[in-house]
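Chemist: Below, each chain spelled out in residue letters.
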Amino acid sequence: MILQWNHLPRKSSAASAQDIVASLQSLLEEGCLEQEQFASLCVHLDWIQYKHNFREAVIVVPCAEEKAGGPPFFEVHVDLRQAGPGALRTAMMQALEAANSEIGHPPHPTPKLDCLALEDFQPFRTSIAWRFNRLYWQRLAEWEESTGRGYEEALPGGKSDANHPGAVADGVADFWTLVRDLEAKQKLPAELYVLEIGVGMGKRAGLWLDRFQKLDQERGTNYYPRVRFLLGDYSPATLERSKAAVRGHMEQCSFVVLDALNPLQTLSFLRHKVQHIHLTNVYDNLPDEEMARRDGRLYLVEVRAYLPTGEAERIAKEFELSARELPRCIERLLEVGPEHFADRARGMGFWQQVWAAMRLEERLVCADDIRPEELPEGLELNRLEAMLSEAPSDVRFHVNSGALESFRNTLPLLSTRGYLQVQDIFVTRWNEYQLGFHGPGKLDGSIVNWVNGALLRETAERAGYDVHFAPFRYREGSHTSMLYTTQRE
Amino acid sequence: MTLPMIPTSVVGSYSMPGWLERLKTEYFARRISRHDLDEIHDNAVKAAIKDQETAGVDVITDGELRRDNMMDYFLERLPGVQIDRSSKKFYYDFYNCSVQGKLPMAPLGVADDFRFLRSFTEHEAKFCVTGPHALTKRIHNEFYPSEEALAMDLARVLNLELKELVKAGARVIQIDEPYYSGFPDDLTWGVKVLNALVEGVDAKIAVHICYGNRYGKPSWEGSYRYLFPRILEAKVHQLTLEFARRGGEDLDLFREFQPPFELGVGVIDVKTQAVETPDMVAERIRKALEFVPAERVVAMPDCGCFHLPRHIAFAKLCAMVEGARIVRKELGR
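Protein chains in written order, with our numbering: chain A, 601 to 1089; chain B, 32 to 364.
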């Protein structure tokens, strides 16, 4: 058995860790685990979950493909921060039994996971969870009204790092330096295009323009009139809300409805013309999935959303439904919104309770069996394997398909000296996966997940950019960092 | 070989297939042998030749599929250029290299690649050589007193190779100097170096100057005005310039300065996968004809098709050929 104990939590967890070893040993002695199965177990104590997330404290992930001649192998993931001492043994036994049952492995035929499945196993990027996420952004105002707090308040720091005045000022100074350099080289274009994708309330755009205007005046450079600031968002309502924050700069601003996954589609007329593009906390909210390499083979992590039976029964009772009616009711919620209920407030309540209760179970599927079209667009298996030459031998990692797609469809907008800045929660090096794995979390009604910066770096290199990461140094304790591009020779 | 009026040609590179990229990188990882890679290159070049012929291009190249990029193909053959072989991770990366002493005269052996091309096509064949100015920008100069001096010595070595190409049957040779656009002030000595390069070379000499195509994106922006009038001193027969992506505004320079050269006019934008229609190509050629007589116009892509998927590159070449046919028909030729 391999015990992967890489993550070192801040609080003491020795008791929990000892409990895990003892529990596994006793499960073996009681015959709940076969000797061979025990020997091939891989137990990961490296999970770092958001406070609100999709996983139980202990989950067992079976591999859908049996190793030659032997029993199926399992991975056990334990979140020591959530797992209560004393409860581990039971949780582990139940998870193992469910996993055994899932892949039809005797000798302990027990019912499958005690749950109401909401979908079939599939890559996370196509999971129903992302439909909930989409509904949240479509109905943000209603959610905020219902919960009584704005979405920024749900962020770990209670506000977005995007709007930190120091960070904005430094960003503006960098841009001003670029423009001055262009002027020195007699390459100053008549119009300086700046694009922000995902504008929130428009606060950052407003701060940026205020600061740039002030700096331009202080230095007497007269660049400000050339600035064409494009605020891009897929929500017309969000763009409308952002106008108030930039009302002093309306001459400079355009408001563009665009899909963060493919800005080029909307802005193809600006191909190679934009000097600066900025995104904050956009990539962490785009569909993604996870993969793992075990014993030299690649596996896709497939997920299935479910409601624990107890929760399903409770919600059904509260909303006067039978548990069997729940999937259909959820489907209608995702199609038409909370108006599916005659009383919209009840509809909001149903939505929030289902979302809070929703969990994900997992299984590993050998990537050898994956058709190329099942992989994220632009990612080829052999290229991924080449990238992984720099990764630890056994590694689970994010494949941020949405971020990759967005990244690939944003870079062609950059001018010859243009640069992209992305502020987000990044895993910047493959080796960081040895120090813990951050699973997806729930941020109010949306999904948040860490972004595999190492994968973006490789993608950028093929597109002619070097990617660098700088920690966000303006707020102590911030987990965000800044990705920025430079031209690659 | 008789060419039609407004012949079509390519700038050099053809679509680099993903499988070939992987195999080239495999070679650098020492997982396949040089012998195997050479055989793979031979087959890829034959396919590129066939595609260009099938599209109906009049003057073709070998697609430059043997080249990792426009620099290293020459730099690693140049005696006296020190190559840091560890500096390349992906085949397309540039080597880090330096010059620490005077460059010796020695053949580079690229004429063999031209012979291969020649032996597999009946079409007019062109060979492209990266110019000394561009090569100088990739070499860390630790010996020569100036970039100009290094470039001049590179021209001396490459001149020998150009003559070898002529001996091998090359009648059209294109010199690629895209870095002129990034370093316009260098043109004062760049043209002198160019003339030294082509001195005594008995072939039609074209010089290709674009705004960069590294990773399929432009490296610089600006106007071709910087070329004039200095470029008029160049002892070349054809200027090959980028107009499809940038628009035809700079064509006016040909009216203003009346250069004696043929114009290889870029009518295909290689930085987008959107395939031009023949009518769009015809319109771009007609625009060029407002400034240059038809007898001196060659229709070409803006630059190499290296970064385009193969089916897109092929479709673009077909559109280019058809567009030229439309204009010829209008001219009654």
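Worth flagging that the hints you see were computed from the coordinates, not collected in a lab.
One or more hints might be untrue.
[Unchecked claim] Below are the EDC-like pairs computed for lysine to aspartate or glutamate, each with C-alpha atoms no more than 16 Å apart in a straight line:
hint	chain 1	residue 1	chain 2	residue 2
1	A	K803	A	E753
2	A	K759	B	E252
3	B	K168	A	E1089
4	A	K873	B	E252
5	A	K787	B	E153
6	B	K119	A	D1066
7	A	K785	B	D143
8	B	K81	B	E195
9	B	K120	A	E753
10	B	K119	A	E1061
11	B	K119	A	E753
12	A	K785	B	D216
13	A	K651	A	D816
14	B	K81	A	E985
15	B	K120	A	E1089
[Said to hold, decoys possible] Some chain B residues near chain A, calculated using beta-carbon distances under 8 Å:
hint	residue
16	C128
17	D217
18	R256
19	P260
Fair warning: this is a prediction, and the values are worked out from it, not measured in the lab.
Yeah, the Cβ is synthetic: ideal placement off N, Cα and C, and Gly gets one too.
Chemist: Now, for every hint given, state plainly whether the structure supports it.
Modeler: Right, here's what the structure says about each hint:
{"no.": "1", "hint": "A:K803 - A:E753", "verdict": "14 Å, holds"}
{"no.": "2", "hint": "A:K759 - B:E252", "verdict": "40 Å, violated"}
{"no.": "3", "hint": "B:K168 - A:E1089", "verdict": "11 Å, holds"}
{"no.": "4", "hint": "A:K873 - B:E252", "verdict": "10 Å, holds"}
{"no.": "5", "hint": "A:K787 - B:E153", "verdict": "45 Å, violated"}
{"no.": "6", "hint": "B:K119 - A:D1066", "verdict": "15 Å, holds"}
{"no.": "7", "hint": "A:K785 - B:D143", "verdict": "42 Å, violated"}
{"no.": "8", "hint": "B:K81 - B:E195", "verdict": "25 Å, violated"}
{"no.": "9", "hint": "B:K120 - A:E753", "verdict": "44 Å, violated"}
{"no.": "10", "hint": "B:K119 - A:E1061", "verdict": "12 Å, holds"}
{"no.": "11", "hint": "B:K119 - A:E753", "verdict": "47 Å, violated"}
{"no.": "12", "hint": "A:K785 - B:D216", "verdict": "11 Å, holds"}
{"no.": "13", "hint": "A:K651 - A:D816", "verdict": "44 Å, violated"}
{"no.": "14", "hint": "B:K81 - A:E985", "verdict": "33 Å, violated"}
{"no.": "15", "hint": "B:K120 - A:E1089", "verdict": "13 Å, holds"}
{"no.": "16", "hint": "C128", "verdict": "13 Å, violated"}
{"no.": "17", "hint": "D217", "verdict": "14 Å, violated"}
{"no.": "18", "hint": "R256", "verdict": "12 Å, violated"}
{"no.": "19", "hint": "P260", "verdict": "19 Å, violated"}
In this structure, the earlier hints numbered 2, 5, 7, 8, 9, 11, 13, 14, 16, 17, 18, 19 are contradicted, and the remaining ones agree with it.
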